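Chemist: Sequence:
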Amino acid sequence: MSKTEKRSLALAALIYAATLIYSFVVNFPDRAMNTRFNMTFVAILCPLIVPVLFKLFKWKPISEIYIINLIFCYFASLIGSCLGGYSVPYFDKVVHFGFGFCGIEIAYLLYMILKRSSKLDSIQEWHIFLVFVNAVNTAIAVYWEFYEYAMLIFFNNDAINHYTSGVHDTITDMLVCVAGGLVVTGFLISAKRSGKDNFFTRLPQKFYDLNLAHRNG
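Taking the numbering used here, the leading residue of the sequence shown gets 23, the next gets one more, and so forth.
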């Protein structure tokens, strides 16, 4: 990482840590009956998932991925679950829409890992690639709703708002996630047609060049 990237990552981590401490402080008085206080411990673990995966697979850190991970966890876990963000109208939908951006990029990385190449060799493969990344993004959205449903069944934690909205919350969460993925797909198509890379194509390529090219070369 460059010095600028390290400073940006350190700033993001500092903001996350400060908000985490604030969450502990405001939720501590009612900790015995406060789900938000318990979720603060989850907010400690969430940002560690990506760095742990990088360590396990011996991948070199990518500052942009680490920062995006912190930003997403900040809003989805820390603000949403610990500080009442999900009680704000449409906050949940914005988070799921944002994850659609991440889901496509995750699928992009997965495609390169499975293929062991960053090149799309033909127009037919390009079409398969577009179907693949959107299918994976949709699958992630579905599996997340499976998880929330399991929380309802086994722990009576109604994260899917089953008792107040039925299937509406689940369906709309998946819809906005897919919609977010389609927006990124538009950027991928634009880059392909123009021959000019953008953030959504440069980031996977950077990951491949640093972590996979030498293994597959």
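No lab work stands behind these hints: they were computed from the structure. Hints are supplied without guarantee of correctness; some may be wrong.
[To be verified] DSS-like cross-link-like pairs, simulated, lysine-lysine; straight-line CA separation at most 27 Å:
| id | residue 1 | residue 2 |
| --- | --- | --- |
| 1 | Lys218 | Lys80 |
| 2 | Lys28 | Lys82 |
| 3 | Lys82 | Lys218 |
| 4 | Lys82 | Lys228 |
| 5 | Lys80 | Lys25 |
| 6 | Lys137 | Lys115 |
| 7 | Lys137 | Lys214 |
| 8 | Lys25 | Lys77 |
| 9 | Lys25 | Lys115 |
| 10 | Lys141 | Lys82 |
| 11 | Lys137 | Lys218 |
| 12 | Lys214 | Lys141 |
| 13 | Lys218 | Lys115 |
| 14 | Lys214 | Lys77 |
| 15 | Lys228 | Lys141 |
| 16 | Lys137 | Lys228 |
| 17 | Lys28 | Lys115 |
| 18 | Lys115 | Lys82 |
| 19 | Lys228 | Lys218 |
| 20 | Lys214 | Lys25 |
| 21 | Lys137 | Lys77 |
| 22 | Lys80 | Lys137 |
| 23 | Lys28 | Lys80 |
| 24 | Lys141 | Lys218 |
| 25 | Lys28 | Lys214 |
| 26 | Lys77 | Lys115 |
On a predicted model such as this, the values are computed, not experimentally measured, just so you know.
Chemist: Look at each hint and say if it fits the structure.
Modeler: Now the hints, each set against the structure:
no., hint, in the structure
1, Lys218 with Lys80, "violated, 30 Å"
2, Lys28 with Lys82, "holds, 14 Å"
3, Lys82 with Lys218, "holds, 26 Å"
4, Lys82 with Lys228, "holds, 11 Å"
5, Lys80 with Lys25, "holds, 22 Å"
6, Lys137 with Lys115, "violated, 33 Å"
7, Lys137 with Lys214, "holds, 19 Å"
8, Lys25 with Lys77, "holds, 21 Å"
9, Lys25 with Lys115, "violated, 35 Å"
10, Lys141 with Lys82, "holds, 21 Å"
11, Lys137 with Lys218, "holds, 23 Å"
12, Lys214 with Lys141, "holds, 12 Å"
13, Lys218 with Lys115, "violated, 31 Å"
14, Lys214 with Lys77, "violated, 32 Å"
15, Lys228 with Lys141, "holds, 13 Å"
16, Lys137 with Lys228, "holds, 16 Å"
17, Lys28 with Lys115, "violated, 31 Å"
18, Lys115 with Lys82, "violated, 32 Å"
19, Lys228 with Lys218, "holds, 15 Å"
20, Lys214 with Lys25, "violated, 31 Å"
21, Lys137 with Lys77, "holds, 21 Å"
22, Lys80 with Lys137, "holds, 19 Å"
23, Lys28 with Lys80, "holds, 19 Å"
24, Lys141 with Lys218, "holds, 15 Å"
25, Lys28 with Lys214, "violated, 31 Å"
26, Lys77 with Lys115, "violated, 32 Å"
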